[in-house]
Structure formats: structure tokens, C-alpha cells
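Asks: Chain A is already provided as a structure; the job is to place chain B on it using the hints.
Residues per chain, in single letters:
There are 2 protein chains.
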Amino acid sequence: MSIVVIGSVAYDAIETPHGKRERTLGGACTYIALSASYFTSTSIVGVVGSDFADEDRALLSNKNVDLQGLEQVEGKTFFWSGVYSADMNDRTTLQTDLNVFADFKPKLPQAYANEPYLFLGNIQPGLQRQVQREMPNVRFVGGDTMNFWISSSHDELLETIKHWDFLLINDSEARMLVNEQNLKRAAAKILELGPNTLIIKRGEYGAMLFRKDTFFAVPGYLLDQVFDPTGAGDCFAGGFVGYLAERGFDLRGGDFDVTELHRAVVYGSVMGSFCCEQFGVERLRNLTRKEIDARFEDFKRFTNF
Amino acid sequence: MSIVVIGSVAYDAIETPHGKRERTLGGACTYIALSASYFTSTSIVGVVGSDFADEDRALLSNKNVDLQGLEQVEGKTFFWSGVYSADMNDRTTLQTDLNVFADFKPKLPQAYANEPYLFLGNIQPGLQRQVQREMPNVRFVGGDTMNFWISSSHDELLETIKHWDFLLINDSEARMLVNEQNLKRAAAKILELGPNTLIIKRGEYGAMLFRKDTFFAVPGYLLDQVFDPTGAGDCFAGGFVGYLAERGFDLRGGDFDVTELHRAVVYGSVMGSFCCEQFGVERLRNLTRKEIDARFEDFKRFTNF
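Protein sequences, first through last, are from chains A and B. Here the numbering used here is used: the first sequence runs in plain steps of one and ends on residue 336. Here the numbering used here is used: the second sequence runs in plain steps of one and ends on residue 336.
Chain A on its own, in the form it takes in the complex (with noise of 0.2 Å):
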């Protein structure tokens, strides 16, 4: 059962205290479908332009994802470039060009429609509504936004959420959207606001998952290196959905384990580490599951008391 996933397709020029990579395959998009891909296959609508490369295509593809919604045309694809502090802790953009990535509306290939899975990547909230409306029998849809959206869109942004089964933002962004400091009640004003679900992410620190059901909360896996954290909260977002399309989660259809939702934040958790460990997404070409249900049983032993 495969996860339909919209967003960013791009080039990244990053620099960490590391190193630097120049041109190294980036986007929303990207991260959360490879990440998605060790639980279950995935399915990406996105855009690139006439300069996106083979081996790229190849990349995704050798990970089973379906690229049917994969358009390109003329033009460049997306560039994004930002560098690092030594602490990690800080980013800064050096430049952004949206390219084709400017005038992207999404384009669902019919062999999409019944897919019963869907994850909206940060894109115009318009978008994001549209796109849903084209997959109406999903077993539940969600996705993620920025800071950008919450301020200039934000009673579209709204209107789009009001639709959705979860909602997978940082921290910050959690307070931004109902302009409350305090996490606890921003997370009760947001599942007033239609997510019947809400995953905060907050990086090095972990991940919290808040519902009127539940409450669930893990730290973040300590790496003795972080690499690159570039990715690693969209990899969570794919680690979290990946699990539960494999488990066949259904989040509208009544009866389930809320302890399923706490194992899908753990693994989110697991991918975003492994993210973290080398450049770009250079660790998703090697990693394995069993790597992946390795950490996931660690995460067991270093929170259990």
C-alpha cells in the first residue's frame, strides 16, 4: 500500500564543519519518500527541471519509488544552498532559487487515485488542498508546512489543516500557528483547529506526539556525530508514515492501537538519526532495515525504566 508524497524535488549546495557539498540531490520531497520507502512503497508528485540527472532518477527509483508523478521540464531544478554553524545549531540560507519548483501545481497521475496513503510536503496550502480533494478515499492524509505559509497564508493554511488527520511541524512552528509560547496548550489549540493528531518535532531534543487520546514523548538519539542535519526532520516525517502504511494504519477508521502512533513517532526518530550521519542523502543509499530495527530496539533500551 503505497504512500503518495507532494513537495520539493532540489539541488542542495550545504556546508557543515564537516565539509561541503556542492550539488547534492535535496528537497522535502526527496527525504520523506526515501525515508518512507524502507516501510512501504511511495509515490511522489513533484517537478524538476531539464538539468535534473539519471543517477537522481535513479536513486529514487532503485528504492521503488514510483516517479510517474515526477514531472520535468524546461528549466532548472529548485536550488537551495546554506551553511552551518560550528555548533550545528544554526542555519543560514545563502540562496534560494525556486526554478521550475516556482510555478509547480501539483499533477496527481490517475494510477495515484486510490493510493491510500497521502503526505503533503511543505508547499503553497492551496496546493496541498487541491491535491487532497483529487484523493478523497484515503485512510488518512496529513502533512507539514513552514513558517513562510503560517505567516503569509494563514487563514488558507487553516482551511487546508481543518482536512487533515495529522499535522508534523517543529516546535517553533507549533507556537507560531496559534501564537501561543507554551507547547502544551499550543498543541490543544491546534487539535481544536481539525488534526485529529499532531506530531511536534523539536530536532537533537526528539519528538512529541499529542492527541486527545494520547500523549507520547521520546528523546532524540544522541549521535557522537552529526554530520548533516539537512533532511532530517523530513525523513522523520517519512519514517512516521512508512510505519504505519506498512502496519495498514487507518487513522479514520475507528478502533486502533494508540501505541502504534507512539511506535511510528520512534521510528520517525530512527530515520531522522540516521539522516544526520553523512551528507545529504547519502546515508539512505546504503542504510538497511535491519539497521533501521536495530536502532528502533536501542531506542527501547535507553528510554526503559
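Some clues are possibly wrong.
Which copy? The list can't say, so a pair holds if one copy fits it or any two copies do.
Said to hold, decoys possible - The calculated EDC-like cross-link candidates involving lysine to aspartate or glutamate, where the alpha carbons are at most 16 Å apart (straight line), are: (1) Lys215 <-> Asp118; (2) Lys215 <-> Glu308; (3) Lys94 <-> Asp186; (4) Lys220 <-> Asp255; (5) Lys215 <-> Glu235; (6) Lys138 <-> Glu102; (7) Lys215 <-> Asp255; (8) Lys107 <-> Asp128; (9) Lys215 <-> Asp202; (10) Lys220 <-> Asp202.
Because the hints were derived from the structure by calculation, they are not lab data. Quick caveat: nothing in here was measured; it's all calculated off a predicted structure.
Replies: Chain B only, in chain A's frame:
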């Protein structure tokens, strides 16, 4: 079995977004002893001035805190005042009057000498070492320090903690102590300095415990109102050592269940979270053991997967 706690007893003036107090009982030793008192009997070693109020002495006595080691001398009690930022993440010290604490020379009452547990609160490292020499037969000894001693008395501090079973500090102190930004590597370096157990507090983000044979991490407790975080780290310390003392734990005695150390970290987190619910030590006036154990169970639920 009693814990002997050495450290500051003070009056604090505190301002947070929720209000202010002009003069309220404070000091690390006070918070640690009050927190630990829910688990075991405690005995303190500290100094106060002639202005120390009978009602504050009574608060401690009523919690079975042994005050034989609380010296009262001519002069004023240590006074600290600070103000918290709107989001509570920053604190500005307005005033620090060491007063009688400036000349504090801990005097261990004879009656304390055979107590099994010793917690050395944040004072000059040479003084910490001196107290430890007077209690050679403990089942564990450990303590706290701060950035001031890490920079101004680095060698003396290293000589002091070399003989501790555990060190309990916050993340920035851990990084500073061994000049290592990555926490996992910093922890490994600290475990080479003497203590077999390292507890790192991360405020609202939780806490971690490092040993060669185990690693544990727990997220912070999510409060819907942080009233005043003053003393939360010290209450954590009190809960941590209090629980271990209650269990008769022997960190020097060979075989033990490391999971008990994990539980001690959770009890520390529980106590730290309660501390933030009211101003200063106020929450510790009416807090019950039943509430503490209920919150411990709450931690079990919200970290379960």
C-alpha cells in the same frame, strides 16, 4: 538512611511573567533537601545569617530535614535576585550578595559522619573535597558544580570529582567541563575523569544518564504553565539521590540493577517538574508523595511504545 546535603541556603527575589516575590526561601541546598525529603531523611550543612526566619527553619524541620549542620552567624543570609524572560528560557541575575555565604566553611556535625549518602552541592571544589574526606564510608558521593568553578578552578574541580561516584550537571556545563560540543563525546570524556555515573540535565528537554554499562534518556515533563523554574535542577538532584537512598542503593557495592538508576532520573524529572508549578519552594510545601508517584506513572505512560 539519611542523605547529607551541602550547599547554599539563601533568600531569593524572583520575577517571572507570572509575578514576583521580593524575598522567598531559596538556595540549592534548600531545594535539594526539600525534594529529597519525600524519599528519605536529609541532613544539611550550610550557613545562614541572623536574618534567617523561624518560619523557614520550621519549613525545613517539618520535612524532617536535620538542621544540626545549619550554622547561623552574625550578618545577612546569601541573597540572589533574578528576572526571567517572557518565554522563560533566559534568566538575568540582578543581584548576588554572598553575605555570610562568602566565608562558608562547611562544618560536618559528628552526628552526620556515618550517614551513607553525600550530595555536594555547588560550592568551591576544595570545600566539597574537604567535606568528602570527613565521610569516607559512604555508599555514594556525588554532586554538582557550575560554570564559574569550571573556568576559575578547573584543576581543583577535576581533582575533586575524581573521587565522586556521580556528577550531576546541565548540558552546557558538561560541554564546558571537557571542551567538547558533542554531548555524547563530552559524556564519554567525563566518564574518564572519575565518576562512574554522569547525569546531564537539559531543562525542559529532559535528562540523560551515562555510564559505561548503560545509557538512559527521558524527555521533560510538559507543563501547561511554567510558573517559576528557579530550583528545578536542584529539585531534580533531590529526587535523583532521594530515590536511590530510599532504595538503599549502593553505587560502590558491585551488583545492582542499572534500571534503578534510570528510575532515579525519572524521579528527578518528576521533582523538577513540580518545582516549576509555583514560585520558589512553594510547591514543596503542599506536594504529596502520592502526587509524585502518580506523575512517575504518568512518565511511564507517555514514554511507552
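Asks: Next, verify each hint and record whether it holds.
Replies: Structure-based check of all given hints:
1. Lys215 <-> Asp118: between (28 Å within a copy, 14 Å between copies)
2. Lys215 <-> Glu308: between (31 Å within a copy, 14 Å between copies)
3. Lys94 <-> Asp186: For Lys94 and Asp186, the Cα distance exceeds 16 Å both inside one copy (37 Å) and across copies (54 Å).
4. Lys220 <-> Asp255: Cα proximity of Lys220 and Asp255: across copies only (12 Å, versus 36 Å in one copy).
5. Lys215 <-> Glu235: Classified as between; 12 Å across copies, 19 Å inside a copy.
6. Lys138 <-> Glu102: within (8 Å within a copy, 77 Å between copies)
7. Lys215 <-> Asp255: between (30 Å within a copy, 5 Å between copies)
8. Lys107 <-> Asp128: Within one copy, since 9 Å is at most 16 Å while 64 Å is not.
9. Lys215 <-> Asp202: within (11 Å within a copy, 23 Å between copies)
10. Lys220 <-> Asp202: within (14 Å within a copy, 31 Å between copies)
The earlier numbered hint that this structure contradicts is number 3, and it is the only one.
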